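Protein sequences appear in the order of chains Y and P.
Residue 23 is where the first sequence starts when you use this note's numbering, and the numbers rise one by one after that.
Residue 387 is where the second sequence starts when you use this note's numbering, and the numbers rise one by one after that.
These aren't lab readings, by the way, just hints derived from the structure by calculation.
Incorrect hints may have been included.
Said to hold, decoys possible - Only part of the chain Y face toward chain P is listed, based on derived beta-carbon distances under 10 Å:
| # | residue |
| --- | --- |
| 1 | K28 |
| 2 | I52 |
| 3 | G60 |
| 4 | H80 |
A quick note: this is a predicted structure, and the numbers were derived from the prediction, not measured.
Backbone N, C-alpha and C fix where the C-beta goes; we use that ideal spot for every residue, glycine too.
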Amino acid sequence: MTYIAKPKFHHPGLEKNALGFIHRDYEGKISTLCAGCGHDSITASIIEACFELSIEPHRVAKISGIGCSSKTPDYFLGNSHGFNSVHGRMPSVLTGANLANRDLIYLGVSGDGDSASIGFGQFAHSIRRGVNMAYIVENNGVYGLTKGQFSATADRGSKSKKGVVNTDNAIDLVAIALQLGATYVARSFSGDKSQLVPLIAGAIQHRGAAFIDVISPCIAFNNHAGSTKSFDYVREHNDAVNRLDVITGRDPITVDYAPGTVQIVEQHDGTKLALRKIDADYDPHDRLGAMTFLQKHAAKGQIVTGLLYVDPDAEDLHTHLNTVEAPLNRLDADALCPGSAALEKINASLR
Amino acid sequence: MKPTDISAPDYFHKVVDCQWACPAHTPVPEYIRLIAQGRYSDAYMINWQSNVFPGILGRTCDRPCEPACRRGRVEENPVAICRLKRVAADFKDDIRQRLPRPSARNGKRIALVGGGPASLAVARDLAPLGYHCTVFDADPKAGGMMRSQIPKFRLPDSVIDEETDYILNLGIEFKGGTRIDSMKKLLADKYDAIFVGSGAPRGRELDIPGRKEAAKNIHIGIDWLSSVSFGHIDKIGKRVIVLGGGNTAMDCCRTARRLGGEDVKVIVRSGFEEMKASPWEKEDAMHEDIPILNFMVPVAFVHDNGKLTGVTFQKVRAEYDAKGKRSLVPAGEPDQTIPCDDVLVAVGQENAFPWIERDCGIEFDKWNMPKVDPKTMGSTHPKVFFGGDAAFGPKNIIWAVAHGHDAALSIHKLVSGEDISERPLPEVHISSQKMGIHEWSYDNDISADMRFKVPHRDKVVALKDIRAEVELGYDVKLALGEAQRCLNCDVQTVFAPNLCIECDACVDICPMDCITFTENGEEGDLRQRLKAPSPHHDQALYVADGLKTGRVMVKDEDVCLHCGLCAERCPTGAWDMQKYLIDMVHAGSSCPTKSRSAA
Numbered sequence: 023m024t025y026i027a028k029p030k031f032h033h034p035g036l037e038k039n040a041l042g043f044i045h046r047d048y049e050g051k052i053s054t055l056c057a058g059c060g061h062d063s064i065t066a067s068i069i070e071a072c073f074e075l076s077i078e079p080h081r082v083a084k085i086s087g088i089g090c091s092s093k094t095p096d097y098f099l100g101n102s103h104g105f106n107s108v109h110g111r112m113p114s115v116l117t118g119a120n121l122a123n124r125d126l127i128y129l130g131v132s133g134d135g136d137s138a139s140i141g142f143g144q145f146a147h148s149i150r151r152g153v154n155m156a157y158i159v160e161n162n163g164v165y166g167l168t169k170g171q172f173s174a175t176a177d178r179g180s181k182s183k184k185g186v187v188n189t190d191n192a193i194d195l196v197a198i199a200l201q202l203g204a205t206y207v208a209r210s211f212s213g214d215k216s217q218l219v220p221l222i223a224g225a226i227q228h229r230g231a232a233f234i235d236v237i238s239p240c241i242a243f244n245n246h247a248g249s250t251k252s253f254d255y256v257r258e259h260n261d262a263v264n265r266l267d268v269i270t271g272r273d274p275i276t277v278d279y280a281p282g283t284v285q286i287v288e289q290h291d292g293t294k295l296a297l298r299k300i301d302a303d304y305d306p307h308d309r310l311g312a313m314t315f316l317q318k319h320a321a322k323g324q325i326v327t328g329l330l331y332v333d334p335d336a337e338d339l340h341t342h343l344n345t346v347e348a349p350l351n352r353l354d355a356d357a358l359c360p361g362s363a364a365l366e367k368i369n370a371s372l373r
Numbered sequence: 387m388k389p390t391d392i393s394a395p396d397y398f399h400k401v402v403d404c405q406w407a408c409p410a411h412t413p414v415p416e417y418i419r420l421i422a423q424g425r426y427s428d429a430y431m432i433n434w435q436s437n438v439f440p441g442i443l444g445r446t447c448d449r450p451c452e453p454a455c456r457r458g459r460v461e462e463n464p465v466a467i468c469r470l471k472r473v474a475a476d477f478k479d480d481i482r483q484r485l486p487r488p489s490a491r492n493g494k495r496i497a498l499v500g501g502g503p504a505s506l507a508v509a510r511d512l513a514p515l516g517y518h519c520t521v522f523d524a525d526p527k528a529g530g531m532m533r534s535q536i537p538k539f540r541l542p543d544s545v546i547d548e549e550t551d552y553i554l555n556l557g558i559e560f561k562g563g564t565r566i567d568s569m570k571k572l573l574a575d576k577y578d579a580i581f582v583g584s585g586a587p588r589g590r591e592l593d594i595p596g597r598k599e600a601a602k603n604i605h606i607g608i609d610w611l612s613s614v615s616f617g618h619i620d621k622i623g624k625r626v627i628v629l630g631g632g633n634t635a636m637d638c639c640r641t642a643r644r645l646g647g648e649d650v651k652v653i654v655r656s657g658f659e660e661m662k663a664s665p666w667e668k669e670d671a672m673h674e675d676i677p678i679l680n681f682m683v684p685v686a687f688v689h690d691n692g693k694l695t696g697v698t699f700q701k702v703r704a705e706y707d708a709k710g711k712r713s714l715v716p717a718g719e720p721d722q723t724i725p726c727d728d729v730l731v732a733v734g735q736e737n738a739f740p741w742i743e744r745d746c747g748i749e750f751d752k753w754n755m756p757k758v759d760p761k762t763m764g765s766t767h768p769k770v771f772f773g774g775d776a777a778f779g780p781k782n783i784i785w786a787v788a789h790g791h792d793a794a795l796s797i798h799k800l801v802s803g804e805d806i807s808e809r810p811l812p813e814v815h816i817s818s819q820k821m822g823i824h825e826w827s828y829d830n831d832i833s834a835d836m837r838f839k840v841p842h843r844d845k846v847v848a849l850k851d852i853r854a855e856v857e858l859g860y861d862v863k864l865a866l867g868e869a870q871r872c873l874n875c876d877v878q879t880v881f882a883p884n885l886c887i888e889c890d891a892c893v894d895i896c897p898m899d900c901i902t903f904t905e906n907g908e909e910g911d912l913r914q915r916l917k918a919p920s921p922h923h924d925q926a927l928y929v930a931d932g933l934k935t936g937r938v939m940v941k942d943e944d945v946c947l948h949c950g951l952c953a954e955r956c957p958t959g960a961w962d963m964q965k966y967l968i969d970m971v972h973a974g975s976s977c978p979t980k981s982r983s984a985a
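So that you can see chain Y by itself, here it is in the shape it has in the complex (with noise of 0.2 Å):
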């Protein structure tokens, strides 16, 4: 880690975004991590994804669980809303949050440890519930904070820093996640920012669940050869099957890619994926294509990277529960508590 303070100066050129923010007013405290960690490309990732779609940092509330991914939150969006909770359990207190104010913009980061292991039964349950948010794993395939053994997302057949064989088959999130029926489900790679930055962007604005697991290197653990997690193994085997740009309001559309190569995906609040295809057939609205793509190039020993599949016009877990419109805390007292006589009403109904 650094001890010293990241300087407050700034280039005197940078752009600004619609709020007038530049990319450093979504910075947070200075990384604690080690020096390398692919953790902290993703962190940079997300302060320009808030930074490109203007977003106001108070309307975020980031929640994580624990882990070398889960203290990241720290790093980035130091005016948001945050909640570092217990091992595992970010996906319930997400759920909980997002419930009582659906006003906020809700990230849930989390890393391989929190997600497939002690909370892989509640990385399930959001995601099957419909949870409108951004859930972002930063999968590194090891336990970091604990010296480096193979996590849940450990390739079977990879090594690990010593030499030992993982002999335990992994458990790949994105495809649990698209059998769970997220509705926005992506790879990419901490060391790809051109194609993460605009993934997080759109999963920001997706309604629904919306998935990204992005492979991240332990530079202290699992950058080694032998490992399937590393920099130059990732930028080997990565197969990516479209690049996104994310059209926001106030820019125009100006699509000046081939034709054919350039699918747009309208989303519920206007914004437009603008989908660079890269392989021509690949289609991002067929779940079970996906699907059945992504185990045929895990086969072949390939990463498959990019948005891999996006339902536009997907509902969230407010629209299935017919919930308030208003967020809980803006109810008055009468609203919230209707009274005895509400409650007989309701109980008399069910008699």
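Got chain Y; can you put chain P on it based on the hints?
Using the frame of chain Y, we list chain P on its own:
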């Protein structure tokens, strides 16, 4: 772009903007760090080596370093480099033991005409090598214009005495009160070399109606200043007009305020912004209740039977042609006469060489200036060299010192039978500053302080005593605060592409968005694709190739804070903070190695 050759001595030198801008290439960040550590004598000696007059320059330098200072590109004001130099001079211990000793004579004799900064710099470089240096000056004491033209309230005699004595005590023969009036005679004395550092001693005239008739109350600025300096003049009328917009005009008006001038005005032809005077000198003058009126061209001195009563001005405005060249055209307003008792004319200085016979082998150009090679400072006469204002017209002290170093090197080579046009390369040292994982041998925590003001003597007291120094200098605490503002631009970010794993840690941490990893391209194209805009194309791009992905690392040197966070966050040590020191070659430098070693 081709990968940057960081072993070229000039590459990192340019990154140290202040040092690059200094004509004498003083290693500014190095001495500022020493000041921060309280090592004032060490800081002084570094200055003494390169600019010869730290105490004098710390008060009077034209400070080309400060507009260049990187700090001025990341916040409002540059580091007060000049005034920190004075701190080194003010707080040093007795440094006489650290000066060179007069060495055994080598039998070579050098004549130096004029006892100002240029000649003294030559003598300082040559005397320790055993040369017999004889300095001639018409004034009784050494110092030249530093003593005669700069008012004592800016530069006390004691400072000039101290620093000229350091040089004269190197075994230099000083012949004060001796005006050289014939180059031929001097050449006949068979010196091994002659250096002319006689300055630009003639103040330019303002030949407009009334000049002759009212001559008694119209004074040429530099002559008047030197008369004041030597105590020949001690008063002036109550209403004074100073004509001219340079630093001499500022010295004139402030001196006039101290000699009885109550209503002193500076009146300039040009606009206020284009005045030649340094901004801080204008500020100091205005602080002493001296208004500066602009766009007024003097057309006549008004007098009553030879008694000056005022000056008439034509009002003008600036007009720019298509090329941006300015001309002053009448504004169409009626002329204005401003009453006054005395006028000081400070509209420029000129060289004059009536004492150099035109047939002695020294060629002159059409402006009546000697033809001088700006690299060697040699004239067309193989044994005669020029420097300071005498070489290329009025500049300033620090340029005179730089000329002096170059001329001394030429003279040493000439006398040693070498080709003076072959200039040895400077020696460069570069060494890692890493002490531990997050420990550096320099303070990399960037201070957010704004520029500290130098305390001034109370105005009422200052205006009463012409010898009372106005600026009091920083105290130790202020000096420390100001020194901490320095960005240590000489501690370079050095990149080793073979170690880089392209994890982006440096890109993410850099507070100034200096670093970009991208596909290579031509410079113009690359500058468009950087993480942050690059408005200053004179600031280099540091390009390194050899990365696994085939991309290049591009660092825009422009606003790098040298905070070292890239190196702290780099997991593989691909970035390192390395201190760059360049030894400019002076006469008798032991090194002159030809290698461009930077490792």
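We went through each hint and held it up to the structure:
no.	hint	verdict
1	K28	5 Å, holds
2	I52	8 Å, holds
3	G60	7 Å, holds
4	H80	24 Å, violated
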